[in-house]
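Undergrad: These are the residues of each chain, in order.
There are 2 protein chains.
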Amino acid sequence: MANLLGTAHACAHPSLALTKYWGKRDSLRNIPATPSLAIGLAEFRCETRVRIYSGTSFHLTINGVPQNPDRFADFFSEIQRISREKGYRKTFSIEADSTANFPVAAGFASSSAGFAALALAANTALKLNMTTPEISALARVGSASAARAVYKGFTLLPAGGEHALSLPVHWPELRIIAVETHAGKKPISSRTAMERCRTSSPFYGEWLQDAANITAQAEAALYARSLPELGPLIRESYARMFAVMLSASPPIRYWTPLTLKVLDFVDSLRQEGGQYWETMDAGPQVKVFCKAKDCPRFLARLGESVPEAKARVCTGTYPNS
Amino acid sequence: MANLLGTAHACAHPSLALTKYWGKRDSLRNIPATPSLAIGLAEFRCETRVRIYSGTSFHLTINGVPQNPDRFADFFSEIQRISREKGYRKTFSIEADSTANFPVAAGFASSSAGFAALALAANTALKLNMTTPEISALARVGSASAARAVYKGFTLLPAGGEHALSLPVHWPELRIIAVETHAGKKPISSRTAMERCRTSSPFYGEWLQDAANITAQAEAALYARSLPELGPLIRESYARMFAVMLSASPPIRYWTPLTLKVLDFVDSLRQEGGQYWETMDAGPQVKVFCKAKDCPRFLARLGESVPEAKARVCTGTYPNS
Chain X
21 MANLLGTAHA
31 CAHPSLALTK
41 YWGKRDSLRN
51 IPATPSLAIG
61 LAEFRCETRV
71 RIYSGTSFHL
81 TINGVPQNPD
91 RFADFFSEIQ
101 RISREKGYRK
111 TFSIEADSTA
121 NFPVAAGFAS
131 SSAGFAALAL
141 AANTALKLNM
151 TTPEISALAR
161 VGSASAARAV
171 YKGFTLLPAG
181 GEHALSLPVH
191 WPELRIIAVE
201 THAGKKPISS
211 RTAMERCRTS
221 SPFYGEWLQD
231 AANITAQAEA
241 ALYARSLPEL
251 GPLIRESYAR
261 MFAVMLSASP
271 PIRYWTPLTL
281 KVLDFVDSLR
291 QEGGQYWETM
301 DAGPQVKVFC
311 KAKDCPRFLA
321 RLGESVPEAK
331 ARVCTGTYPN
341 S
Chain A
21 MANLLGTAHA
31 CAHPSLALTK
41 YWGKRDSLRN
51 IPATPSLAIG
61 LAEFRCETRV
71 RIYSGTSFHL
81 TINGVPQNPD
91 RFADFFSEIQ
101 RISREKGYRK
111 TFSIEADSTA
121 NFPVAAGFAS
131 SSAGFAALAL
141 AANTALKLNM
151 TTPEISALAR
161 VGSASAARAV
171 YKGFTLLPAG
181 GEHALSLPVH
191 WPELRIIAVE
201 THAGKKPISS
211 RTAMERCRTS
221 SPFYGEWLQD
231 AANITAQAEA
241 ALYARSLPEL
251 GPLIRESYAR
261 MFAVMLSASP
271 PIRYWTPLTL
281 KVLDFVDSLR
291 QEGGQYWETM
301 DAGPQVKVFC
311 KAKDCPRFLA
321 RLGESVPEAK
331 ARVCTGTYPN
341 S
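Line by line, the protein sequences give chains X and A. Quick note on my numbering: the first sequence kicks off at 21 and runs consecutively. Quick note on my numbering: the second sequence kicks off at 21 and runs consecutively.
You may find that some hints are simply not true.
Copies of the same chain are indistinguishable here, so a pair counts whether it falls within one copy or spans any two.
No farther apart than 25 Å at their CA atoms in a straight line, the calculated lysine to aspartate or glutamate pairs in the DMTMM-like style are these [to be verified]:
hint: 1; residue 1: 205; residue 2: 292
hint: 2; residue 1: 206; residue 2: 292
hint: 3; residue 1: 311; residue 2: 90
hint: 4; residue 1: 110; residue 2: 154
hint: 5; residue 1: 313; residue 2: 239
hint: 6; residue 1: 44; residue 2: 226
hint: 7; residue 1: 206; residue 2: 117
hint: 8; residue 1: 147; residue 2: 117
hint: 9; residue 1: 206; residue 2: 284
hint: 10; residue 1: 330; residue 2: 314
hint: 11; residue 1: 206; residue 2: 154
hint: 12; residue 1: 281; residue 2: 324
Just so you know, the hints here were simulated from the structure itself, not pulled from any lab data. Since the structure is predicted, the reported quantities are computational estimates derived from the model, not experimental observations.
Sequences are here, hints too, so could you generate the full structure?
TA: Here's what the structure looks like:
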């Protein structure tokens with residue numbers, strides 16, 4: 021039995037992008053090719069406990085299910101490199117157990133919360149004394165969106181960025197209604213889908229340029245805390261990301277019939293003048309930005325129109341709450 | 021009561037594009053910006069009766085419903101110009117009644133059949149003695165895809181083309197299964213949607229280039245009558261057209277929940293090795309290319325999996341049948 025050398029626990033929340041990260045500038049180092057603005061979802065939690073032993077192995081379970089270590093090899097190499105460089109342990113084994121209170125690998129940004137919690141806990145357990153930007157950069161190696169999830173509140177991960185930045189925007193009346201349309205795992209991982217887009221979509225180059233423009237506009241609208249200005253940009257960002265997927269060869273399509281019912285429903289509320297702006301990630305789920313005062317109307321109408329969709333209201337994570 | 025100066029009747033079939041016409045090079049003259057390969061659907065018919073009177077007015081009914089003459093103003097001007105240029109009547113009125121045995125303005129290329137039948141019947145009723153390419157160019161002014169529908173069999177409307185070309189390909193074992201997912205009119209016309217794509221999609225320029233590449237490859241696969249080669253190109257063409265729509269501002273989305281059920285169903289048959297390749301036009305309907313021998317399996321499985329979808333098997337129109 022190996023000696024227990026350290027242990028720690030951390031919690032992180034999925035980082036929901038307002039403007040979408042889709043595509044890598046450097047796939048080995050997981051450097052994003054598009055900038056992304058995001059907010060953490062306070063009610064969705066990933067709890068991770070890390071134990072450090074001697075040896076050089078890595079084991080992780082998610083909700084009790086052992087995971088393929090290949091998916092974590094780059095992350096494990098990186099934390100070993102950091103530890104050696106800082107003059108700490110040269111070799112160690114990590115055992116980690118994660119639990120999430122929301123569907124995993126289904127389009128709820130579970131990998132952002134998972135790798136953020138893992139990086140935070142591993143830093144403590146190994147006593148590496150990393151700064152938050154350093155932890156962000158480590159988490160990025162596992163999943164680029166995890167670079168954002170180590171911070172609370174609004175974040176920006178720049179195109180080409182090593183780590184995310186925390187944005188000084190406080191907008192507590194904002195709500196995110198997560199509408200679950202399918203609980204199962206998605207048929208193709210984001211990682212594989214992104215790579216197919218890069219290598220086969222004729223629109224990929226234009227997407228990268230356009231994503232930078234949209235993010236710059238969205239950042240200004242976010243500082244102004246103007247949902248009528250921000251909303252259409254949020255919508256264009258995800259729609260164009262899905263357009264790139266649809267233009268890949270063969271085409272990628274994450275939407276389910278229930279996804280479309282929910283999108284039509286949100287359109288109908290907006291046509292009545294409601295300030296409800298949806299986004300989606302690689303997967304079938306729909307997330308709707310609105311103000312706190314407008315949640316009851318959304319939930320009541322969704323219950324009438326699309327009773328089979330499961331909705332959960334989330335607040336943002338904020339640094340001082 | 022005005023004098024009846026001439027009358028004629030014509031029938032035309034919707035022209036279903038294998039590679040998609042989407043975008044105009046010249047919107048006043050309705051010149052396409054992408055090339056399109058197509059086949060007529062023999063079982064879908066539009067019958068049009070034209071009567072010529074003195075005067076200078078234009079009236080048209082579709083299935084007994086009077087239509088807004090604005091939509092036909094360019095066509096009417098063009099046929100007046102041709103008549104004057106050829107030294108025939110200088111002024112005349114046209115009254116036309118169309119009936120279609122399939123849903124109109126719902127994504128079944130009804131305008132292609134409608135304007136083709138109108139151009140064919142008007143040429144006869146006015147005794148203009150136009151050649152088929154001339155009739156094709158006249159029909160194009162009403163709807164670019166109608167330029168194809170004046171011919172039988174496989175056709176090509178080149179990018180920048182004034183009229184379509186008939187292709188010498190005979191492929192009688194090919195079938196097109198038209199799957200109806202929604203009978204109502206579409207929420208936004210193709211004409212309006214195309215213009216929104218041209219003016220707001222960041223992917224529009226790349227779409228035009230890519231459409232030319234796909235059509236060139238598809239033409240070669242069509243001459244080889246190879247469905248395994250042609251099928252993926254048909255699929256890419258429509259998927260990229262929808263990607264351009266999704267990338268417009270605001271995004272355009274013609275799909276219904278039932279559309280997605282049918283697309284998932286076709287995917288599942290293809291994953292089992294079946295040669296079924298779908299296309300879609302601006303609207304929610306799905307059309308599937310396959311061989312005659314593979315129709316029974318498709319219909320039986322569709323009846324089990326998506327019983328709410330209505331399927332109709334079509335053969336191509338051929339010049340000598």
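Undergrad: So, against the hints stated earlier in the document, which numbers end up violated here?
TA: 3, 11
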